[in-house]
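Enquirer: Chain by chain, the residues run as shown.
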Amino acid sequence: MNVRLYVLQRATAALMVPLIAIHLVTILYAIGGGLSAKEVLARTQGSLGWGLFYGLFVLAASVHAAIGVRSVLAEWSPMRGRSLDIFMWVFGAVLMVLGLRAVVAVVM
Amino acid sequence: MQKTLEVSIWRGGSEGRYEVFSVPKRDNQTVLDIVTWIQRNADPTLSYRFACRVGVCGSCAMTVNGKPRWTCRTHVSKVIGDGKLEIAPLANLPVVKDLTTDMSRFFEKWQEAKGHFVPSKTRADPIEQISPESTERRAANEAIECINCGVCFAACDSVRWNDDYFGPAALNRAWTLVNDVRDAGNKERLKAVAAKGGCHNCHSHQSCEQLCPQALNPTASIAGLKRRTMQAYIRGEL
Amino acid sequence: MKPRNSAYRHDTLWLAAMIHRLSGVALAVFLPLHFLVLGLAIEGEARLDGFFKWTDSPLVKLAETGLVILLAVHLLGGIRILVIENLAWRPGQKRMAMAALGASVVAGVAFLARAF
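Residue numbers (the numbering used here), protein chains in the order written: chain A, 640 to 747; chain B, 4 to 241; chain C, 11 to 126.
The set of hints was computed from the structure by calculation and includes no laboratory data.
Even glycine gets a Cβ: it sits at the ideal position worked out from N, Cα and C.
Careful: at least some of the hints might be erroneous.
With beta-carbon atoms standing in for the labels, derived distance ranges [said to hold, decoys possible]: (1) B:Cys55 <-> A:Leu695: 52 to 60 Å; (2) A:Thr665 <-> C:Leu92: 18 to 26 Å; (3) A:Val711 <-> B:Ile83: 31 to 39 Å; (4) C:Val116 <-> B:Ser80: 34 to 42 Å; (5) C:Asp66 <-> A:Val664: 20 to 28 Å; (6) A:Leu687 <-> C:Ile89: 25 to 33 Å; (7) A:Leu647 <-> C:Val116: 26 to 34 Å; (8) C:Arg19 <-> B:Ser80: 22 to 30 Å; (9) B:Ile133 <-> C:Val115: 45 to 53 Å; (10) C:Gly102 <-> B:His78: 21 to 29 Å.
With these hints in hand, go ahead and build the complete structure from the sequences.
Expert: Right, here's the structure in full:
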């Protein structure tokens, strides 16, 4: 862990505080009466607002999770140096790609 | 019939075993009293460190029932719990023999964290006027009473998990120097604590703060270093 | 054998840090799956609905409650860290950690109540 990774991790954490709060409230609202794709998509489809919201959320979460898991692996696994960085970039990329794909899936 | 305590003492190096001794139980007894009695009356080959016996030097720190403590300031009655007393050397350090550890690593990290004063003036210059009420001096004073006993270092999970990590004591001292307006070494010091083994490895478990016998708060000091290094990073100074 | 030195780890704040760490890892494992499920909507509403029907069981709802608690505890634990690192030190950390855990369980119960 160094200052650059630290700043990114804490900044994305701070950014996600309101995003998660909104997400939790949305979940609590949506789960009432059972989940239905119709209901979810009616909310998100064609919505620039939700698109930006979830897009930003995905980007922040990808960076935050990649750095976070890297720290855990650095301390709890035998991985060191290069392998940690490679893991971080790959995991972050996977989350970003899958996440943005999901945003497109529910907004388009 | 005199009452006795069954005490387990670590014998050997980093690998070894616990040896059980029967020690006379007294009404007022510290863990250091126990260790001393064993070495003087039961087994003169027991190795341990102590100096002042009164809680000002930090030499007698050991692991008592799993926690790092000053043995001279630990009353047996306070820790005996279910009648068991287990004494081992401080954790996170190589064991020399029995209850003594090699503290070189602890002090080397002190140096790596630049935990030493760098003068900015000569004896020809006037004395720096520092108000004890200034924000920086108050911050330094809150953290300055460290006597390098190693309890925080032994308690720290990040030290245990990460060989590079400087540890709470070294970073706590670096924080006092960051707040010392006479010090000229802060550019290098911030670089040092922002690098690989530095303050960003701290996960605020607060074991150091909970266990420091001087009631210091390395967690808070390290948080201060995190703020300073973040500001320096954003300003492009790192 | 090696010397034993783990007793102090049953401390409240150490447990708070462990819960924070483990909840983060659990969420990191869950997240790709979450994205894959939502990505099913690319194949149309019916595909996503099919998955939702499949998960409409008490066991799954219980697991989802667990996820809500994990998210809430990670968020609140994270806020505690952000406060420690960026604001002046305040005492009462143990109380704060317990409050974070309590609030997370409340969020979970709220979800459970809505889900059934």
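Enquirer: For each hint, tell me whether it holds in the structure or not.
Expert: Going down the list of hints, with the structure as the test:
no.	hint	result
1	B:Cys55 <-> A:Leu695: 52 to 60 Å	58 Å, holds
2	A:Thr665 <-> C:Leu92: 18 to 26 Å	23 Å, holds
3	A:Val711 <-> B:Ile83: 31 to 39 Å	37 Å, holds
4	C:Val116 <-> B:Ser80: 34 to 42 Å	41 Å, holds
5	C:Asp66 <-> A:Val664: 20 to 28 Å	22 Å, holds
6	A:Leu687 <-> C:Ile89: 25 to 33 Å	29 Å, holds
7	A:Leu647 <-> C:Val116: 26 to 34 Å	31 Å, holds
8	C:Arg19 <-> B:Ser80: 22 to 30 Å	24 Å, holds
9	B:Ile133 <-> C:Val115: 45 to 53 Å	49 Å, holds
10	C:Gly102 <-> B:His78: 21 to 29 Å	27 Å, holds
Figure legend: structure checked against the earlier numbered hints; every hint is met.
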